[in-house]
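Chains as they are written, first to last, in this note's numbering: chain D, 1 to 313; chain L, 1 to 354; chain S, 1 to 403.
The set of hints was computed from the structure by calculation and includes no laboratory data. Take these hints with a grain of salt, some might be off.
[Stated by the list, open to error] Chain L regions said to be covered by chain D (calculated; three or more residues, Cβ under 8 Å):
id, segment
1, 42-49
2, 315-327
[To be verified] Straight-line alpha carbon distances no greater than 25 Å define the calculated PhoX-like cross-link-like pairs of lysine-lysine that follow:
id, chain 1, residue 1, chain 2, residue 2
3, D, Lys58, S, Lys395
4, D, Lys55, S, Lys277
5, S, Lys237, S, Lys218
6, S, Lys277, D, Lys58
7, S, Lys321, D, Lys153
8, S, Lys287, D, Lys55
9, S, Lys360, S, Lys342
10, S, Lys342, S, Lys89
11, S, Lys264, D, Lys153
12, D, Lys55, S, Lys300
13, S, Lys321, S, Lys394
14, S, Lys287, S, Lys395
15, S, Lys218, S, Lys206
16, D, Lys153, S, Lys155
17, S, Lys155, S, Lys264
18, S, Lys277, S, Lys264
19, S, Lys206, S, Lys183
20, S, Lys300, S, Lys206
21, S, Lys155, S, Lys360
Just so you know, even glycine gets a beta-carbon here, dropped at the ideal spot from N, CA and C.
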Amino acid sequence: MDQFLQQIINGVQLGSIYALIALGYTMVYGVLRLINFAHGDVFMIGAFVGFYAAKALKLTEQPTLGGALLTLLPVLLLTMAVCALLGLVIERFAYRPLRRAPRLTALITAIGVSLFLVNSAQLIFGADPKFFPSVTPQGEAGTLQLGRVTIAKDQMILVISAALLMAVLTYIVNHTRMGKAMRAVSHDADAAALMGVNIDRVIAFTFGLGAALAGAGGVLFASLTYAKILPLMGVQMGLKAFVAAVVGGIGSIPGAMLGGLLMGLSESFVKGAPAIGGFEPSRFADAVAFILLIVVLLIRPAGLLGRFAPEKV
Amino acid sequence: MVFLKRAALTAAVLASLLFLSILLSSRLQDVVFRVVMLSGIAIIMAVSLNMINGFTGQFSIGHAGFQAVGAYVSAALTVYGHRTLFPYLPEGGILPNSVQGFLAGAPAMIAAMLVGGVVSAAIGYIVGLPSLRLRGDYLAIVTLGFGEIIRVVVENTDAVGGPRGFTGNIEEGISIPGIASFFWVYLMVVVVILVARNLRFSIEGLKYLSVREDEIAAQAMGVDTTRVKVNAFVLGAFFAGVAGALFAHYEQSVLSSSFGFVRSFDFVTMIVLGGLGSITGSVVAAVLLTALPELLRSSLGQLGAEFNQYRLVAYALLLIILMLVRPQGIFGRGEIDFGKLWRRRQTAPATVGE
Amino acid sequence: MVQVRLSRNAFFRLLAPSLAAACLLSVGCKPADNGGAAGGGSAAAGGEILIGHFASMSGDTSTFGVETDNGVRLAMKEINEAGGILGKKVRVDTQDDQSKPEEAKTVVTGFAADPNVVAVIGEVASTRSLNAAPVLQRAGIPMVSPSSTNPAVTKVGDYIFRVCFIDPFQGSVMAKFAREDLKVSRAAILRDQQSDYSVGLADVFKREFEKLGGTVIKDVSYNAKDHDFRSQLAQVKDAEAIFIPGYYGEVGTIARQARELGIKAPLMGGDGWDSEKLIEGAGGAGKALEGCYFSNHYSKDDKSNERSQKFVEAYTKEYGKAPSGLAALGYDAMMIVADAIKRGGAAERDKIKEALAQTKDYPAVTGDITIDANRNATKPAVVLEIQGAEFVYKKTIQPEAGA
Chain D
1 MDQFLQQIIN GVQLGSIYAL IALGYTMVYG VLRLINFAHG DVFMIGAFVG FYAAKALKLT
61 EQPTLGGALL TLLPVLLLTM AVCALLGLVI ERFAYRPLRR APRLTALITA IGVSLFLVNS
121 AQLIFGADPK FFPSVTPQGE AGTLQLGRVT IAKDQMILVI SAALLMAVLT YIVNHTRMGK
181 AMRAVSHDAD AAALMGVNID RVIAFTFGLG AALAGAGGVL FASLTYAKIL PLMGVQMGLK
241 AFVAAVVGGI GSIPGAMLGG LLMGLSESFV KGAPAIGGFE PSRFADAVAF ILLIVVLLIR
301 PAGLLGRFAP EKV
Chain L
1 MVFLKRAALT AAVLASLLFL SILLSSRLQD VVFRVVMLSG IAIIMAVSLN MINGFTGQFS
61 IGHAGFQAVG AYVSAALTVY GHRTLFPYLP EGGILPNSVQ GFLAGAPAMI AAMLVGGVVS
121 AAIGYIVGLP SLRLRGDYLA IVTLGFGEII RVVVENTDAV GGPRGFTGNI EEGISIPGIA
181 SFFWVYLMVV VVILVARNLR FSIEGLKYLS VREDEIAAQA MGVDTTRVKV NAFVLGAFFA
241 GVAGALFAHY EQSVLSSSFG FVRSFDFVTM IVLGGLGSIT GSVVAAVLLT ALPELLRSSL
301 GQLGAEFNQY RLVAYALLLI ILMLVRPQGI FGRGEIDFGK LWRRRQTAPA TVGE
Chain S
1 MVQVRLSRNA FFRLLAPSLA AACLLSVGCK PADNGGAAGG GSAAAGGEIL IGHFASMSGD
61 TSTFGVETDN GVRLAMKEIN EAGGILGKKV RVDTQDDQSK PEEAKTVVTG FAADPNVVAV
121 IGEVASTRSL NAAPVLQRAG IPMVSPSSTN PAVTKVGDYI FRVCFIDPFQ GSVMAKFARE
181 DLKVSRAAIL RDQQSDYSVG LADVFKREFE KLGGTVIKDV SYNAKDHDFR SQLAQVKDAE
241 AIFIPGYYGE VGTIARQARE LGIKAPLMGG DGWDSEKLIE GAGGAGKALE GCYFSNHYSK
301 DDKSNERSQK FVEAYTKEYG KAPSGLAALG YDAMMIVADA IKRGGAAERD KIKEALAQTK
361 DYPAVTGDIT IDANRNATKP AVVLEIQGAE FVYKKTIQPE AGA
């Protein structure tokens, strides 16, 4: 039973990261109907920016949790700003000219941007793994024991931060004018334009917001217990997060959160599954994401919380 | 009369392919020959993908998965079936570059291609089925997902080496035989182009095009769109499987990392660069995108890995710029009509189909 | 009568590809003499001996390649300063395989196509060696792996050698250490399912540990590309010691996450841990990997060997830091190849291969090397303990007689 609980905790933690990245995918899809393949790489860039910022600020391990959070905060904010900027640049130069182009063209461009980011990162940062300096207390001081279940304080911070960010996002989307504009554009872009919404501004804002979230995800991921950063880390994470977004219903913000959580939980359970006879389900952890995807899509073709817009002739 | 003419033409083509095969593999520099072979395999992949994406308008971005299936299944056949089916093949897997060598390898190669293609086509059928309920982007993700699932399954099948790759049965010293010569690769290139061309310009092909243009209208006109879509997947997957068999038996080793979604993207890039729906475009782009990186790498390889990274960045930039500047690709939807060019008359000015 | 008249447009569209094909064929053809060389210049065959070295200079296991290359180059420098071999200077051409098996194969294919390359050194990782070896075996070029320990590598063919011990021995070393020194009876294994090295070593450890009376309570796999190992770690919480035969890149993260899960048991590993970056991943010195052990080929603290001391001095002078086991093995590999050339009398592939097979009691830095009938070397292993940022020598374990 405690193993079960442990896996749930791991799953929630993993899922929070997936959710943060998935939100970016789903928001961009909502307003542009575009799968931004480069999004996972923004996550990676976030991790690297955070790493170099941490190095520059000479962060070292803090004795208390509060101290650790305080030192991480500037890194987080800086990274979010940089990534938001990156998102805006990508949108302006790679996607805006293709607003009216066929979908496959935009898809290819997205792939091109993704390749560009990954290879530039390899060129600039080198392909060797880098290790984020640990800022939070380690060892005994860093864990919480609840009976037989161990929670690392890092894990808690990660989940809480992710939840906070998602709460902020939900507020922006549901209670601000810009959020209303985003929802309008994702519902019907032409109608929104006719109502006086500045489409370009809204789309740029959406991109920036999604990128900031991905960047935050990158910093949280790298600084809290995962430590190892590689230029290629965005690819696999991005793919799974994207699948999470689709499972939840692409275009739906609560869907992305739900999808991310589901993805994290299922991956955690599969990886932690004991071997049955000679069959080790944990080796198929990577495939789980896609099996989940196919199963969900076959039952609910628009995703769990998605709305299937009927095709008008 | 026509039959004799066709038969003679076929015989001539086969003979010249065989001649070229023996000549080129001994005369060309290793690097160049490698480029030629890899380009041929890429052409088969690109044209077969074009049948799904270009003709039928489906978003299939997991094509490398079909290639993987063909590669692994055919390699397993020739290696594990060595004792029972092909004992006359050398265990080290190297065949002499002569007519005898060719004849020795022929039945094995045909078997490998057939088995690889058929199994891959079966997988293609399974992948095409969700097209019943899914459209556009969703189908794209599912195809990507299938590609990944195939990769994970292969990586966990120890009989084919798992993630460490398959080079043969190391315990018994049987390697994957290198029976994919120039002849076979380019014979299949010719076949796939012919099939694609015949499909494109036939009544059946019109159904595919109609599904691409407007699926609802096609359905309204009585076209069984689901059957058309599934057929496209099966056909495309079959040839991808054949390409996989050829790849496995040329490299004599199969690494699951060669068939990831990055590779699938390569093929999608090829057909978009060449022009979706254009067979000529797929051929040209496949050759270009295979030959250029290989040649650049080998000639600049001396300058170290740094340059390689620059090349990859430049490649990505080129892709983006291409999409911004000429998104319909080089050929758009048209083809070079060689027949028309041949029959040019003095009076009429030349127009190439656009 | 069909008149064939091409318009200018069509003419060019046909001309360009035909011209390209013609150019390609004429330029791409091999020169008439000795069957062609790959593009790019190689040294004049008369004045120097060309040795190829393929290594992971970049990528996931970059320290492996860089350190081995340092050792190889130091040896090359010393050989050349002493006058070369048979009067000729040695040149080592190092190619980066980016820690990827396909790249290793491609790079080695380049070596195979170059008639001036008489021997190849490489690789550290067994998977990459396994991918490259068939190519070199087919081309008839002797390959000397400095540190691949998976037994399958030398089974590829009679041109493939190694100067280190193999995993059937290495696995038993840690099993023995765990039972006798750490007094562990319940151990768990965490293996990288994608690495030949890890899988092979894990299997041996399991076998040997159980033969010595211990029990392996859990044997779990992970994927090195993953970032989260907690699910697997949760399964091995109750072990007295955990054997993790992986590479340094992920071991640090695994250790860190293990400690966070409250696992206090000592962790053990193999020579894949040998890297200056190992501790970094674990959160720094004195953290998650403190007090853990791993088996290795060599320890710079080993004072029993005079050659070893001289090597450590020379290496530290040249590179500014102490050599790792891999650097020592790289050095030894190069030295043994040079020795084989000398004994064989000529810098020719077959002669080198024969001489290598006959290497007996060669005084190498990492011990006396005798190449046995399977082209492996029988050598003792050392167990190192991680204290702070240092790998401290703990003990030496000799191979059983006849092992």
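Taking the hints in turn, this is what the structure says about them:
no. : hint                : result
1   : 42-49               : violated (count 0)
2   : 315-327             : holds (count 8)
3   : Lys58/D x Lys395/S  : violated, 38 Å
4   : Lys55/D x Lys277/S  : holds, 16 Å
5   : Lys237/S x Lys218/S : holds, 10 Å
6   : Lys277/S x Lys58/D  : holds, 19 Å
7   : Lys321/S x Lys153/D : violated, 37 Å
8   : Lys287/S x Lys55/D  : holds, 19 Å
9   : Lys360/S x Lys342/S : holds, 14 Å
10  : Lys342/S x Lys89/S  : holds, 13 Å
11  : Lys264/S x Lys153/D : holds, 17 Å
12  : Lys55/D x Lys300/S  : violated, 31 Å
13  : Lys321/S x Lys394/S : holds, 21 Å
14  : Lys287/S x Lys395/S : holds, 23 Å
15  : Lys218/S x Lys206/S : holds, 10 Å
16  : Lys153/D x Lys155/S : violated, 49 Å
17  : Lys155/S x Lys264/S : violated, 40 Å
18  : Lys277/S x Lys264/S : holds, 22 Å
19  : Lys206/S x Lys183/S : holds, 16 Å
20  : Lys300/S x Lys206/S : violated, 29 Å
21  : Lys155/S x Lys360/S : holds, 20 Å
Hint check: violations occur at hints 1, 3, 7, 12, 16, 17, 20; the rest are consistent with the structure.
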